[in-house]
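A.B. asks: As a plain string of letters, each chain reads:
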Amino acid sequence: MITADGVTVRLGGRVLLDDVSITAPTGAVTGIVGPNGSGKTTLLRALVRAVPLAAGRVSVDGHDIRARSRRWIARRVAEVGQRAEPDPALRVVDEVALGGLAEHGPLRAGGAGQDDRVAGAIDAVGLTHRALDRLATLSGGELQRVALARAIAQNASHVLLDEPTNHLDIRHRLEIVALLGRIAPTVVVVLHDLELAAQVCDHVIVLHGGRVAGAGAQCDLLRPELLDPVYDVVTRRLVDGAGRSRFDFALPGPASVARTPSIRTPQTITQENP
Amino acid sequence: MTVRSTPAEVVASVRRSRRRSTTVVAALLAATGLAALAALAIGPVPIDPATVAGVLGDHLLGTGQGDWPASAEQIVWATRAPRVAMALVAGAVLAVAGVMLQALVRNSLADPYLLGLNSGASTGVALVVLVAGGGSALLFSGAALAGAIGAVLLVLLFAGVAHRRGPFRLVLAGLAVGYALNAATSFLVFSSDSPEAARSVLFWLLGSLATVQPLALAAASVAAVIGIAALVIIAPLTDALASGDDSARSAGIDPERTRIGLMVGVSAMVGVTVAAVGGVGFIGLVVPHLARRLVGGRHRAVIPVVALLGAILLLAADTVARTAFAPQEIPVGVITGVIGAPFLLLLLRQDSRA
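Taken in order, these protein sequences are the chains called X and U.
Those letters in the first sequence? Residues 6 to 279, per the numbering used here, in order.
Those letters in the second sequence? Residues 10 to 363, per the numbering used here, in order.
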């Protein structure tokens with residue numbers, strides 16, 4: 006479990022996070038959503054002490070991380086950033102093997118004892134056929150999957166992911182989504198796509214202007230009453246026959262009122278928003 | 010290329026590539042030995058390689074005196090061996106420093122002198138020779154070392170280590186300090202009354218292994234062995250840093266502290282070497298590119314290869330420098346530049362095609 010308690014982050018006179026308190030429980034996927042600049046990435050970074058806190062505290066399994074070493078944190082929390090720019094001269098296996106650094110230390114990291122775990126992590130993200138290739142030859146989507154494989158190889162009980170499906174094609178997006186719930190006991194994921202958040206997250210935190218606008222179970226939270234002011238749009242939430250949430254967004258104003266969803270079959274959709 | 014479709018095949022391939030790295034290192038060790046043997050044999054007075062091996066065996070392993078003339082022993086052991094040893098040590102140190110700095114500032118055009126080290130050492134030497142009126146070779150080395158360390162401290166100060174702004178500021182500060190110190194050296198040379206002293210400074214600036222001080226050789230050897238061994242041991246830290254600060258932090262490393270620590274360590278190693286041989290360029294820039302082609306980018310595999318290739322390259326360059334226009338010496342920096350520049354262009358051209 007990761008908790009943030011009254012976390013405030015200031016950078017260059019700007020307040021990026023203002024008194025943010027959240028809990029990411031064990032055994033759940035916690036989603037962080039919100040418009041651009043709402044502080045999602047900063048919050049994720051604050052959870053691993055990658056940004057200095059002006060106030061508040063972050064705890065991992067009840068331990069205040071301020072008092073802990075980088076290695077202590079890395080043994081419990083793996084993070085996958087939005088823009089991974091790994092050394093292009095490394096091969097996929099070399100980069101994924103760095104996941105073992107926190108657990109095994111520099112002397113034994115990347116040794117023969119960890120080969121099976123590294124190969125398994127690469128297989129989990131579907132990159133076995135490229136395992137021995139240099140990172141310079143990989144596409145953006147493949148690099149994203151390499152970063153995920155490294156987090157899997159890190160064997161941490163908490164995994165933080167920033168937009169993990171950003172550069173992925175449909176097939177790999179579905180695979181990563183299916184993997185999210187199994188990657189670690191505690192998963193925190195920043196997502197732009199609300200439908201995806203509704204699909205994969207048990208628990209959602211909505212940020213707006215560096216503050217928590219709402220937090221709770223996704224089905225209770227992702228409603229027009231909350232989303233409209235946060236995103237400054239008109240939202241319609243639709244639940245299809247399979248119980249999946251669909252969102253239809255429009256710009257506020259007279260033109261948007263008449264807009265209707267065009268692709269979905271009306272029989273399978275019940276409109277929640279009157 | 011074989012298609013690896015199962016994790017077991019990946020594991021087998023990884024193990025094969027580790028064995029390949031070991032084979033490359035073994036082959037390079039043998040090549041280094043042969044190159045040293047050849048360098049000891051080549052010179053104004055050619056010595057039979059068997060005699061060279063005999064003299065080395067006698068001095069290093071105590072295999073006993075052979076029936077070679079005393080003059081041959083004198084030439085091989087007293088005249089050429091210190092110079093060959095210095096070339097091997099300096100080549101290894103400069104090349105390893107190159108690969109380290111390229112990783113630490115994440116720029117494949119970085120070289121060991123990036124942090125103003127060479128410029129600082131030059132200014133130190135110029136001050137001693139031109140202002141204080143010269144002195145022993147040991148004083149030269151001391152002034153160079155003090156200048157190099159002073160320059161690195163200036164760079165770290167200007168880069169604002171405390172502000173933690175990442176590697177780019179270090180590069181900028183290194184460039185600025187380097188230019189300022191080069192200007193100071195040029196001014197000192199220009200304003201000197203003694204053409205002879207100015208000439209000796211210029212010769213030093215280009216790098217030379219002509220006068221090897223036993224103390225400087227010992228210091229550089231110790232720094233090289235300890236430094237390179239430590240860098241191989243902690244190589245995964247360098248891998249993580251080369252992938253960026255976020256990558257390093259995620260792996261449980263403090264990126265700023267680790268980078269500064271490694272930079273100071275590498276600078277000390279280079280400082281001791283530069284103090285002994287002057288500003289030998291291009292080794293640290295060219296060799297890492299070549300080594301990565303042989304064994305990939307993993308630093309545990311690449312550092313030993315870089316060290317051995319650097320040693321061989323500088324030894325070859327120095328052998329050319331002392332024999333090509335004998336009895337006239339060419340500064341070895343001229344040779345490394347002549348070999349290094351086109352070689353680097355060739356590599357860059359091949360890289361852009363790949």
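FYI, nobody ran anything at the bench for these hints, they're computed from the structure.
Just so it is clear, the structure is predicted and the values come from calculations on it, not from any experiment.
In this text, a Cβ means the ideal position worked out from N, Cα and C, and glycines have one as well.
Each hint should be verified, as a subset may be incorrect.
If you want the footprint, here are the derived chain U segments under chain X, 3+ residues with CB under 8 Å [claimed, not checked]:
hint, stretch
1, 186 to 192
2, 232 to 244
3, 328 to 340
A short list of chain X residues far from chain U (calculated; beta carbon distances all over 12 Å) [unchecked claim]:
hint, residue
4, Arg50
5, Arg75
6, Arg88
7, Val97
8, Leu184
9, Leu231
10, Val239
For the chain U half of the interface with chain X, some residues (derived, Cβ under 10 Å), not all of them [stated by the list, open to error]:
hint, residue
11, Val20
12, Asp67
13, Glu82
14, Gly151
15, Ala155
16, Ile158
17, Gly306
18, Arg307
19, Arg309
20, Ala310
21, Val311
A.B. asks: The structure should be examined with respect to each hint, and the outcome stated for every one.
C.D. replies: Hint check results:
1. Judged by the Cβ-Cβ criterion of 8 Å, the stretch 186 to 192 of chain U is not covered by chain X as claimed, because only 0 of its residues qualify and three are needed.
2. For the stretch 232 to 244 of chain U, the stated coverage by chain X is satisfied: 3 residues place a CB nearer than 8 Å to a CB of that chain, which reaches the threshold of 3.
3. Counting residues of the stretch 328 to 340 of chain U whose C-beta sits closer than 8 Å to any C-beta of chain X gives 0, which falls short of three, so the coverage hint is violated.
4. Distance check for Arg50(X) against chain U: the nearest CB is about 9 Å away, which does not clear 12 Å, and the non-interface claim fails.
5. Distance to chain U contradicts Arg75(X) as a non-interface residue, since its nearest Cβ pair spans about 5 Å, not more than 12 Å.
6. Distance check on Arg88(X): its Cβ comes as close as 8 Å (rounded) to a Cβ of chain U, failing to clear the 12 Å threshold; non-interface status is violated.
7. For Val97(X), the shortest C-beta to C-beta distance to chain U comes to about 9 Å, within the 12 Å cut-off, and the non-interface label is violated.
8. The non-interface label for Leu184(X) is consistent with chain U: the shortest C-beta to C-beta separation is roughly 16 Å, beyond 12 Å.
9. With 12 Å as the threshold on Cβ separation, the claim that Leu231(X) sits away from chain U holds: the shortest Cβ distance comes to roughly 31 Å.
10. Distance check on Val239(X): its Cβ is at least 37 Å (rounded) from any Cβ of chain U, clearing the 12 Å threshold; non-interface status holds.
11. A hinted interface residue such as Val20(U) counts as satisfied when its beta carbon comes closer than 10 Å to some beta carbon of chain X; here the least separation is about 4 Å, so the hint holds.
12. Nearest Cβ of chain X to the Cβ of Asp67(U): about 39 Å, over the 10 Å cut. The hint is violated.
13. This hint is violated: Glu82(U) has a C-beta 43 Å from the nearest C-beta of chain X, more than the 10 Å allowed.
14. Here the hint on Gly151(U) is broken, as its CB sits about 34 Å from the closest CB of chain X, past 10 Å.
15. Evaluation of the Ala155(U) hint against chain X yields a violated restraint, the C-beta minimum of about 32 Å exceeding 10 Å.
16. Violation of the interface hint for Ile158(U) is found here, the shortest Cβ-Cβ separation to chain X being roughly 26 Å, above the 10 Å cut-off.
17. Using the Cβ-Cβ criterion of 10 Å, the hint placing Gly306(U) at the interface with chain X is satisfied: the shortest such distance is roughly 3 Å.
18. Interface restraint check for Arg307(U): the shortest CB-CB distance to chain X comes to about 5 Å, inside 10 Å, so the restraint holds.
19. Among the interface hints, the one on Arg309(U) holds; its C-beta lies about 7 Å from the nearest C-beta in chain X, closer than the 10 Å criterion.
20. With a least beta-carbon distance of about 9 Å to chain X, the hint placing Ala310(U) at the interface is held under the 10 Å criterion.
21. The restraint placing Val311(U) at the interface with chain X holds, with a minimum CB-CB distance near 8 Å, inside the 10 Å limit.
Comparing the model with each numbered hint stated earlier shows that hints 1, 3, 4, 5, 6, 7, 12, 13, 14, 15 and 16 do not hold.
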